[in-house]
Amino acid sequence: MQDKIVRLVEFIVREFAENQEEISITVEEKEDQINIVVTASATDMGKIIGKQGRIAKSIRTIVKSVSSKEKKKYFVEIRDQVAAE
-11 MQDKIVRLVE FIVREFAENQ EEISITVEEK EDQINIVVTA SATDMGKIIG
39 KQGRIAKSIR TIVKSVSSKE KKKYFVEIRD QVAAE
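Note that the sequence shown covers residues -11 to 73 in our numbering.
No lab work stands behind these hints, which were simulated from the structure alone. Beta carbons: idealized from backbone N, C-alpha and C, even for Gly. Take the hints with a grain of salt, since some may be wrong.
The calculated label-pair distances, taken between Cβ atoms and stated as ranges, are [said to hold, decoys possible]:
hint : residue 1 : residue 2 : range
1    : K35       : D(-9)     : 24 to 30 Å
2    : K(-8)     : S12       : 17 to 23 Å
3    : E17       : S56       : 15 to 21 Å
4    : K45       : Q21       : 16 to 22 Å
5    : I13       : G34       : 16 to 22 Å
6    : E58       : E6        : 28 to 34 Å
7    : K18       : K57       : 15 to 21 Å
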């Protein structure tokens, strides 16, 4: 199930991004939570986050609803490439 959720996030993010080749998605797994970290270029950050964070909030809502039957909690974090380095 984890792989499907990660692919879902990747699909959604790539649809908003202009520089799709600069999108990077990593998974950080802890005891009872899974962090999906999306790293994008500075030019795509605004498109992925959206006005007042609406798109990012929607992505998180979709992930939460899809993963509701899982025992682990999923979190989506969006980082700028400069901040990630």
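Consistency of the hints with the structure:
1. K35 to D(-9): 24 to 30 Å: holds (25 Å)
2. K(-8) to S12: 17 to 23 Å: Cβ of K(-8) to Cβ of S12: about 19 Å, so the range 17 to 23 Å holds.
3. E17 to S56: 15 to 21 Å: holds (18 Å)
4. K45 to Q21: 16 to 22 Å: holds (19 Å)
5. I13 to G34: 16 to 22 Å: holds (18 Å)
6. E58 to E6: 28 to 34 Å: Cβ of E58 to Cβ of E6: about 32 Å, so the range 28 to 34 Å holds.
7. K18 to K57: 15 to 21 Å: holds (19 Å)
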